[in-house]
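> Generate coordinates for the entire structure from the input sequences, incorporating the hints supplied.
There are 2 protein chains.
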Amino acid sequence: MTELKNDLLLRALLRQPVERTPVWMMRQAGRYLPEYRATREQAGSFVNLMKNPELACEVTMQPLRRYPIDAAILFSDILTIPDAMGLGLHFVTGEGPKFEHVIRSMADVEKLPVPDPEAEMPYVMDAVRTIRKALNGDVPLIGFSGSPWTLATYMVEGGGSKDFAKIKAMAYGDPQAAHALLDKLAQSVTSYLNAQIAAGAQAVQIFDTWGGALSGPMYQEFSLRYMQQIVEGLNRENEGRQVPVILFTKGGGQWLEAMAATGADALGLDWTTDISQARQRVGDKVALQGNMDPSILYAPTGTIRQEVKKVLDGFGEGSGHVFNLGHGITPGVNPEHAGAMFEAVREFG
Amino acid sequence: MTELKNDLLLRALLRQPVERTPVWMMRQAGRYLPEYRATREQAGSFVNLMKNPELACEVTMQPLRRYPIDAAILFSDILTIPDAMGLGLHFVTGEGPKFEHVIRSMADVEKLPVPDPEAEMPYVMDAVRTIRKALNGDVPLIGFSGSPWTLATYMVEGGGSKDFAKIKAMAYGDPQAAHALLDKLAQSVTSYLNAQIAAGAQAVQIFDTWGGALSGPMYQEFSLRYMQQIVEGLNRENEGRQVPVILFTKGGGQWLEAMAATGADALGLDWTTDISQARQRVGDKVALQGNMDPSILYAPTGTIRQEVKKVLDGFGEGSGHVFNLGHGITPGVNPEHAGAMFEAVREFG
Numbered sequence: 370m371t372e373l374k375n376d377l378l379l380r381a382l383l384r385q386p387v388e389r390t391p392v393w394m395m396r397q398a399g400r401y402l403p404e405y406r407a408t409r410e411q412a413g414s415f416v417n418l419m420k421n422p423e424l425a426c427e428v429t430m431q432p433l434r435r436y437p438i439d440a441a442i443l444f445s446d447i448l449t450i451p452d453a454m455g456l457g458l459h460f461v462t463g464e465g466p467k468f469e470h471v472i473r474s475m476a477d478v479e480k481l482p483v484p485d486p487e488a489e490m491p492y493v494m495d496a497v498r499t500i501r502k503a504l505n506g507d508v509p510l511i512g513f514s515g516s517p518w519t520l521a522t523y524m525v526e527g528g529g530s531k532d533f534a535k536i537k538a539m540a541y542g543d544p545q546a547a548h549a550l551l552d553k554l555a556q557s558v559t560s561y562l563n564a565q566i567a568a569g570a571q572a573v574q575i576f577d578t579w580g581g582a583l584s585g586p587m588y589q590e591f592s593l594r595y596m597q598q599i600v601e602g603l604n605r606e607n608e609g610r611q612v613p614v615i616l617f618t619k620g621g622g623q624w625l626e627a628m629a630a631t632g633a634d635a636l637g638l639d640w641t642t643d644i645s646q647a648r649q650r651v652g653d654k655v656a657l658q659g660n661m662d663p664s665i666l667y668a669p670t671g672t673i674r675q676e677v678k679k680v681l682d683g684f685g686e687g688s689g690h691v692f693n694l695g696h697g698i699t700p701g702v703n704p705e706h707a708g709a710m711f712e713a714v715r716e717f718g
Numbered sequence: 370m371t372e373l374k375n376d377l378l379l380r381a382l383l384r385q386p387v388e389r390t391p392v393w394m395m396r397q398a399g400r401y402l403p404e405y406r407a408t409r410e411q412a413g414s415f416v417n418l419m420k421n422p423e424l425a426c427e428v429t430m431q432p433l434r435r436y437p438i439d440a441a442i443l444f445s446d447i448l449t450i451p452d453a454m455g456l457g458l459h460f461v462t463g464e465g466p467k468f469e470h471v472i473r474s475m476a477d478v479e480k481l482p483v484p485d486p487e488a489e490m491p492y493v494m495d496a497v498r499t500i501r502k503a504l505n506g507d508v509p510l511i512g513f514s515g516s517p518w519t520l521a522t523y524m525v526e527g528g529g530s531k532d533f534a535k536i537k538a539m540a541y542g543d544p545q546a547a548h549a550l551l552d553k554l555a556q557s558v559t560s561y562l563n564a565q566i567a568a569g570a571q572a573v574q575i576f577d578t579w580g581g582a583l584s585g586p587m588y589q590e591f592s593l594r595y596m597q598q599i600v601e602g603l604n605r606e607n608e609g610r611q612v613p614v615i616l617f618t619k620g621g622g623q624w625l626e627a628m629a630a631t632g633a634d635a636l637g638l639d640w641t642t643d644i645s646q647a648r649q650r651v652g653d654k655v656a657l658q659g660n661m662d663p664s665i666l667y668a669p670t671g672t673i674r675q676e677v678k679k680v681l682d683g684f685g686e687g688s689g690h691v692f693n694l695g696h697g698i699t700p701g702v703n704p705e706h707a708g709a710m711f712e713a714v715r716e717f718g
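Which chain is which? The protein sequence lines are A and B, in order.
Just so we're on the same page, the numbering used here is the position in the first sequence counted from 1, plus 369.
Just so we're on the same page, the numbering used here is the position in the second sequence counted from 1, plus 369.
Because the hints were derived from the structure by calculation, they are not lab data.
Don't take each hint at face value.
It does not matter which identical chain is used: a pair holds within one copy or between any two.
[Said to hold, decoys possible] Once the Cα atoms are required to be at most 25 Å apart in a straight line, the calculated BS3-like pairs of lysine-lysine come out as: (1) LYS679 / LYS535; (2) LYS535 / LYS678; (3) LYS619 / LYS678; (4) LYS531 / LYS467; (5) LYS502 / LYS678.
Keep in mind it's a predicted model, so treat the numbers as computed, not measured.
Following this line, the structure appears as C-alpha cells:
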C-alpha cells in the first residue's frame, strides 16, 4: 500500500497532534458541482451512478480536484443495505428514495437476509478499491453506512417521512419486531463497514440522520444501542493503522455524553450544537467533527470566512477537531462559496 | 364575564398550586377527528374554515365534546399575519401553505404594512369572541401566533422549506433586511396577540416552529430576541386575571435557559427533551408544557398510558406542569387513542 501523504484527518479523529485542522464536507461529491451533474447525466440515474465503480470514483475525486480537502468520502447512498436485502431501492424525482417492498411485521423481518457485502454489494467495495488507487495516498478515504435506526425508518415507511408514524408505531406497538429488524441491520452494517475497511476505507462514519426524531430514552434503546453494537464489531485496524469511527446523529446534540460512551472515536455535530460546549461535555473521550450551518454557504464569502473562524475558535486550541459542515452541502450552493470555506479553514485552522 | 369554572391551566402556567395536572393537545381541533373533516368539507377549504368565525368556533369546540380537556385553543393558522400583510396565503394539497408574493429584499420589507388586527383580521377576533361565548366559562381559551422568525421563513421561502436556504441567505447576507422584517413582524404579532387578549384569549402561545433550524447564536439573534420583544409588549392582564404567555420552539431543547430568561411564563417542550432535566435547568423561572411524542398515539392504548405516566413522573411533584404533546397530533391517529391519553392524564396527573 502507498504511504499516506496527508494523514491529518486520521490523526485529528484520534486526537493526536496535528499541524492544522483538517477539513472535508458532507456530500462534497454532489449536485452543487457542475461536473457532478454532468457525470450523473452520463450515468442516466442516481442508482446507475452509485452502482458503477468507475463513475462513483470519478465523482468522489471531483471535489478534490477543486479544493484543498483533507479526505475523500466514498460516493454511495445510505440505502445500499436495504436494497441488497431485496427491498428494491429507486428514486422518484422530487420525492427522494422509495422502496418497492416495505417491512411492517415480524414475519417481514424474519424473511430479510443479512447480505454478504462482497457478494451482494460488490459495486461498493469495487468503488472503494478504485478510489484508493485514484487517490494514490494523497488523502485518506472515508467509508460510511446509514445507522440501523435510519435504515429502518426508510424500510418501514417505504421512503422519507415527516413524522415517522409507521416506524414509531412499530417501535412502541411491536418492539420485538423493531428490535429484530434493528439487530439484523446492525449485523449487516457491521459486516458492510468491515468489508469497506478490508477494501481500503481508512475511517468510517455512521450516519444517523433520523435518530434526532426520537425522545432520549427511545434514542438510546432504538438507535444508539445498535450503533454501539456496530462500533464493538468493527475491525478498527487495517494496513497497520487504526481506523477511526465517527458517529453522526443529526439533532443529537442533547445526547453527546451517551454517544461518546459508545467507544466511537469521534462525534459529528450538527450546527444547532455549540462546539465549545460540546467539547466541554465530552472532554477527551472523543474528537469532534463539524459544525458550520450548510446554509452559511449561501452568504457572501466574507461572512463565510467569519463563520469558519467562529467554529474554529469555538473548538479552541488543541487537537481533536475535524472541520465540516453540520449536514450535507445543498445543491443550490455556488461552488466558489464552498471554495471560500475550504480556503478559510486552511488559513485559520 | 362568566366566572371560569376550570382554571387549572392558568394556575399551572403561573406555577400556582393545582389539584391535578391540566392537559390540552396541540392541533386538538384537527384532521384526526371525523367531525373536523366534515366541517372542513362544509367550509370548502382550510382558508374558508379559518376565516369563518362560526365554523372556527365549531371545530374549536369539537375536541372538548369528546375528551376531558382543560383548555380550548383558537382554531386558526400561524400565517394569518403575512396574509393580512398582503402576501396571499393559499394551500396546495400535499404541499402545505404557499404565498403568492414573497419577500426577498429591504425594498420588499419596507412595503409591508403592520396590520391593524381588528380591521384586517376581524375573523380571528370574532372567532375568539364567539368561542368564549360557546365555552361559557367551562375552560380557558388559548390564543396564539407564529413567531416572527417562523413567519419570516414562510414569507421569504414562499412556503415550507427543508433547508431554509433563502431566509438564511438573507439573515447572513443582508442581516439589515432580515432584522427589519423581523422587527415588523414582532410589532405585528404583539398587536395581534393583544387584540386576541382584548377579545377574550386567556393565555397565549407563540409557536416558533422553525427556530430549531438555527445555530445557537443565530437563534438568539433572529428568533428569541423578537419573541422577547413580543413578551415585553403584551398586555398580560385582562378581566382581572394574569394572561400567561407560553413560548414553544420546536427543536429548542438546547436553549431552555435563554428562553426562560425572556420573561415568558411557560415553555413548551418537544419530545426530544427530557422534561425532568428541563425542569432542573429552568428551576422555578417558568412552567413547562409537554412533551409526549405525538407518534406514541399510534401505539396500543396500554403503551400510551405508560408513556403518559412517564412524562408526568418525569416532571415530578409540585405545580408548573401542563401536559401536552411535544408537537401537534397527526392526522392518522385514531381518536380513541387521543382519548386514552386524556383519560390517563386525568388518572395519573
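> If you check each hint against the structure, which ones fail?
Hint 5 alone not satisfied by this model.
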